[in-house]
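Participant: Please put together the full structure from these sequences, using the hints given.
The lines below spell out each chain.
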Amino acid sequence: MTCKEAVALLTLYLNQELDSARCVEMDAHLHACPSCAHELQQQQELDTRLRTAILDEPLDTHALDQRIRQHVSAGTPWRWISAAAGVAAALVVFWIVFARWTPPVYAEAAEDHRREVVEQQTRHWTFENTAMDAMALGQSVSPVGIHAPETAGYRLQRLKLCRLNGSIYLHLVYSDGPQQFSLFLKHGDREPAAEPIDAGRHGAEHLAAFRTSALTAVVVSGQSGAAALRLAQIAARAL
Amino acid sequence: MAKRQDEFVRIAMPHTRSLLRVARRLSSNPATAEDLVQETMFLAWRGFHQFQPGTNIRAWLFRILLNAFNAEGRKLRSTPATVPLQSREFYADTHLQTAAEIAQVLDELGLEQRTALLLVVVEGFTCREAAGILSVPIGTVMSRLGRAREELRKRLAPKCSAKEAS
Numbered sequence: 003m004t005c006k007e008a009v010a011l012l013t014l015y016l017n018q019e020l021d022s023a024r025c026v027e028m029d030a031h032l033h034a035c036p037s038c039a040h041e042l043q044q045q046q047e048l049d050t051r052l053r054t055a056i057l058d059e060p061l062d063t064h065a066l067d068q069r070i071r072q073h074v075s076a077g078t079p080w081r082w083i084s085a086a087a088g089v090a091a092a093l094v095v096f097w098i099v100f101a102r103w104t105p106p107v108y109a110e111a112a113e114d115h116r117r118e119v120v121e122q123q124t125r126h127w128t129f130e131n132t133a134m135d136a137m138a139l140g141q142s143v144s145p146v147g148i149h150a151p152e153t154a155g156y157r158l159q160r161l162k163l164c165r166l167n168g169s170i171y172l173h174l175v176y177s178d179g180p181q182q183f184s185l186f187l188k189h190g191d192r193e194p195a196a197e198p199i200d201a202g203r204h205g206a207e208h209l210a211a212f213r214t215s216a217l218t219a220v221v222v223s224g225q226s227g228a229a230a231l232r233l234a235q236i237a238a239r240a241l
Numbered sequence: 022m023a024k025r026q027d028e029f030v031r032i033a034m035p036h037t038r039s040l041l042r043v044a045r046r047l048s049s050n051p052a053t054a055e056d057l058v059q060e061t062m063f064l065a066w067r068g069f070h071q072f073q074p075g076t077n078i079r080a081w082l083f084r085i086l087l088n089a090f091n092a093e094g095r096k097l098r099s100t101p102a103t104v105p106l107q108s109r110e111f112y113a114d115t116h117l118q119t120a121a122e123i124a125q126v127l128d129e130l131g132l133e134q135r136t137a138l139l140l141v142v143v144e145g146f147t148c149r150e151a152a153g154i155l156s157v158p159i160g161t162v163m164s165r166l167g168r169a170r171e172e173l174r175k176r177l178a179p180k181c182s183a184k185e186a187s
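Residue numbers (the numbering used here), protein chains in the order written: chain F, 3 to 241; chain A, 22 to 187.
If you are wondering where the hints come from, they were derived from the structure by calculation, not from laboratory data.
Ideal Cβ positions, reconstructed from N, Cα and C, are used throughout, including at glycine.
Heads up, a few of these hints could be off.
[Unchecked claim] Just a few of them, taken from the derived set where beta-carbon distance is under 10 Å, the chain F residues facing chain A:
1. T13
2. S37
3. R51
4. D67
5. R71
6. H73
7. V107
8. A133
9. L139
10. A150
11. T153
12. G155
Facilitator: Below you can see the structure in the form of structure tokens.
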């Protein structure tokens with residue numbers, strides 16, 4: 003083992019993250035090389051000083067703990083329930099009223115869903131959870147939120163970025179088993195009043211869309227309007 | 022529901038202090054740090070059904086904290102003013118002052134380097150765990166740590182030399 007290799011591995015050595023063979027090599031090198039042994043000692047001392055300095059700082063978490071406990075013991079907050087009830091009521095109205103309506107962004111969402119999900123045309127999708135979370139964060143969308151529909155039986159399968167009506171959206175694909183759904187999300191860059199869920203149809207695709215101060219969301223399903231609405235309701239609660 | 026609440030209080034709440042400690046070093050403002058931890062715990066409670074029992078709750082909470090910080094915390098984030106090395110006052114050699122001095126130097130590091138040091142050196146996560154929390158490769162964590170330690174040592178060295186000289 004060279005000194006350069008040893009220095010590069012010091013952190014893993016200190017954290018006991020080296021495999022046993024590497025660890026034996028490291029021990030031997032440190033035994034034979036005073037310079038690297040000194041470097042290790044300096045690093046340990048620096049780490050100890052830093053750890054002590056930060057861990058010794060006084061912290062009072064009493065009030066914070068109290069607030070969190072109150073929030074948790076409240077269970078499902080009433081504001082969520084009332085928001086969900088409001089969304090559901092508006093949903094019914096718009097479901098009746100907006101049978102023919104298809105603004106450009108929704109038409110493009112329906113087209114994307116048909117091409118990329120129904121016809122499965124080749125696209126560069128991201129499948130790995132960590133990478134999907136990072137992409138959501140990159141668009142200022144909560145990673146916890148995008149996974150929330152999973153509790154209702156919708157598995158998040160994949161994600162990509164797309165452009166709808168000139169704006170960048172996250173295109174998330176969920177599956178409830180037999181059926182795949184698209185959820186298009188865009189972080190809100192201004193603060194309009196929250197708008198209720200709109201529902202409509204474009205070609206063979208059923209749409210349900212809503213907008214809050216935080217984001218714009220469009221759900222597309224080839225299955226039924228009710229199925230699109232159900233996922234939109236879940237997304238509205240979670241996001 | 023009560024069982025779930027009890028479980029959350031039992032396994033997540035003990036980590037509030039660690040989360041706040043790191044949040045304070047990220048946001049450099051006690052009030053906004055508390056807001057960040059509160060938001061983290063609210064998000065964790067909302068997503069608690071997604072937590073897999075038996076996995077690392079602490080790493081899970083820190084991942085939420087850093088995600089919340091990145092997603093929501095842009096307005097909370099403060100970039101500490103950089104103080105030129107030669108203009109800093111040297112501290113007397115008491116434990117308390119040295120700790121304050123080290124904390125100040127830590128706050129002056131870049132956010133990525135600071136976060137790597139906080140997770141691995143202060144909070145005791147392995148490099149692999151820190152990589153998972155930050156959603157970066159382990160090599161990235163190691164290089165950030167290497168640069169952070171080098172910078173920390175460089176910035177603390179003049180003071181040490183001055184004390185030795187006196």
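Participant: Output the indices of the hints that this structure fails to meet, ascending.
Facilitator: 2, 7 and 12
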